[in-house]
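First to last, the sequence lines map onto chains A and B.
What the first sequence shows, in my numbering, is residues 1 to 114, in sequence order.
What the second sequence shows, in my numbering, is residues 1 to 112, in sequence order.
Residues from chain A shown here face chain B by an in silico Cβ test under 10 angstroms; the list is partial: (1) T44; (2) T48; (3) F104.
Everything labelled a hint here was simulated from the structure, so no lab data went into it.
Note that the Cβ used here is the ideal one computed from N, Cα and C, for glycine as well.
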Amino acid sequence: SAVISQKPSRDICQRGTSLTIQCQVDSQVTMMFWYRQQPGQSLTLIATANQGSEATYESGFVIDKFPISRPNLTFSTLTVSNMSPEDSSIYLCSVVWGAGEKLFFGSGTQLSVL
Amino acid sequence: DQQVKQNSPSLSVQEGRISILNCDYTNSMFDYFLWYKKYPAEGPTFLISISSIKDKNEDGRFTVFLNKSAKHLSLHIVPSQPGDSAVYFCAASALVGGKLIFGQGTELSVKP
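With the hints as extra help, turn the sequences into a complete structure.
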């Protein structure tokens with residue numbers, strides 16, 4: 001399986017600030033995905049990050065709020081901008097890998113916004 | 001619109017017994033189904049999958065059953081072990097490698 005390193009693992013942030021989450025994969029992958037899990041909720045896809053092109057955002061998520069970078073085939077960042085308490089969630093980086101193209105996840109970033 | 005639903009937020013089972021986790025879906029285009037397990041402070045890990053051409057897939061203690069007519073799948077864990085205590089998510093997609101839609105998760109507690 002792919003090894004996915006995500007940091008920070010957790011953070012407590014003030015309202016109105018921004019946080020950038022980093023995701024590093026040990027192999028080159030075409031697509032990287034960013035998910036959010038709000039408390040007690042399912043995992044929701046925020047956007048798909050392709051190297052060399054703009055990220056594709058899902059309904060309800062916009063680039064101004066969640067800008068994404070994908071500078072190469074092993075790395076991506078997600079920024080949560082102008083945070084509010086409603087952004088308190090677990091943010092997860094993931095990649096499709098291997099036969100059967102299963103989704104593998106990083107360990108997640110637990111974000112709390114005060 | 002919740003396309004994948006896990007109606008039981010929690011389940012408690014005695015060690016050695018069978019755990020049955022259920023999942024329902026509404027989109028008839030879903031063709032590929034997966035189960036993930038998540039421990040606290042860790043990302044979800046893939047457990048087992050099934051495509052719509054099958055009605056059963058088995059991997060060791062884990063078996064997934066798919067009933068397409070009922071749009072229902074279930075995960076059976078036999079025998080259950082305390083280390084199985086985690087949150088289990090079912091997920092569905094319209095094709096292999098496609099966008100996954102997740103359920104809300106069921107927290108399984110296996111008691112010694």
